[in-house]
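Take these sequences, add in the hints, and give me the full structure.
Here are the chains, one letter per residue:
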Amino acid sequence: MIAVSADPVLREAIKTALRRRLATMSSIGAPVFMARCAVEEGEVEEALWFLMVIVRPKLRSAAPLSDEARVMSALALVVARCSWTDLRFVDCLNVLFETWAPKTHPSLRGFFLEWYRHALERMLH
Amino acid sequence: MKVLVFCDGVYRWPEFRESLAGHQVHFLTCSPRGWAPRFVVVQLVKAFRRFRPRDWFVVLKALVTGHSKIVMGPLGSPSSLAFLDQVCPDIALHAMGVIYRKAVIERCGAGILNAHIGRLPTYRGRSVMEWSILCGDPTGVTVFFIDEGIDTGARIVLFQESPIRQKTIAAAKAELFALDIALFRRALDVIERGEPPAHNDTAEGRRFYEMSLLFQEVVGAHLARSHQNHAIDS
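Here the protein sequences line up with chains H and U, keeping their order. Residues in the first sequence are numbered consecutively from -14, following the working numbering. Residues in the second sequence are numbered consecutively from 2, following the working numbering.
If you're looking for bench data, these hints aren't it; they were derived computationally from the structure. By construction, the Cβ of each residue, glycine as well, lies at the ideal position given by its N, Cα and C atoms. Honestly, I wouldn't trust all of these hints.
[To be verified] Label pairs and their computed distance ranges (CB to CB):
#: 1; chain 1: H; residue 1: L109; chain 2: U; residue 2: A37; range: 17 to 25 Å
#: 2; chain 1: U; residue 1: S20; chain 2: H; residue 2: T70; range: 23 to 31 Å
#: 3; chain 1: H; residue 1: M57; chain 2: U; residue 2: G35; range: 37 to 45 Å
#: 4; chain 1: H; residue 1: L109; chain 2: U; residue 2: K103; range: 28 to 36 Å
#: 5; chain 1: U; residue 1: W57; chain 2: H; residue 2: L7; range: 56 to 64 Å
Structural data, given as structure tokens:
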């Protein structure tokens, strides 16, 4: 696996930024339990592409999501892969958080926020 | 070589033409939305700001003689394709915000060169300069032959490392983008010398996406700090 890890000089600054983001979020639901299973590398890349290229523009324009189940499954894959060895995954969640307005697909957003919070906590603790 | 430049703006024609002296240079500029008044106004305003008196003559001559063309339509339109068939370039340069379809690429001889502001094959896609900084990797520009994918073209002509000295992300990007003409010139020289291209092995890299505002803040603060330290050192 090719690492996309932080420059040691910037790692603390990234941690601080993620902590700041986490501090703005409050828990709104039950604890998150995510099954971890082995997935193909291509599947995770596809999930990242799907969220950033297909889902994000729809969230930005508050357009309907044709396949919420696929969004959930892509989110689950990306959340499970958030780590310091590939920062693209947590940044995908950062981008979605910055794009996703509270009134757009609110129930799905609730799940997303819990998973995002879970991913941030895992990376910071 | 007969070089075709896919150029966003007529206002850039003279600088390309000067830098590519010794080659036969043609330009194609497209207005993707057809006859859009905004397109015309932007072209004229930028040309008035940049052109020297003789640049107007050069541009008008290129248009009148049919060496270059402004198409009021998208790049894939019949008018654009007919112009490509007429020019029949040996090679083309990308300086236009579009994704090229097969029909266009096939009409460009050896292919279309792109100046990508990241190191290939490691950094494909968006925000690659920011990601390179975040990961502590060298910043610079790769000149490679595009294909229909996102930075997946197989042939890399050259990589020019260029450390960032600017204090903002926007200024740093502008600095790297501004290297395109000089690097295209160098790439054409490399190709003419017959040097074999390096292989853009996509398995050795990752596709990147637009960086979040949160991480952009981290990169921006790092650039500002580095710029300050550099100023103190010098």
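We went through each hint and held it up to the structure:
1. Distance hint for L109 (chain H) and A37 (chain U): a CB-CB separation of about 48 Å, inconsistent with the stated range 17 to 25 Å.
2. Between S20 (chain U) and T70 (chain H) the Cβ separation comes to about 42 Å, which falls outside the hinted range of 23 to 31 Å.
3. A C-beta distance of roughly 41 Å is found between M57 (chain H) and G35 (chain U), which places it inside the suggested range of 37 to 45 Å.
4. Judged by the Cβ atoms, the range 28 to 36 Å given for L109 (chain H) and K103 (chain U) is violated: they are separated by roughly 46 Å.
5. The given range of 56 to 64 Å is respected by W57 (chain U) and L7 (chain H), whose C-beta atoms sit roughly 57 Å from each other.
Figure legend: structure checked against the earlier numbered hints; hints not met, in rising order: 1, 2, 4.
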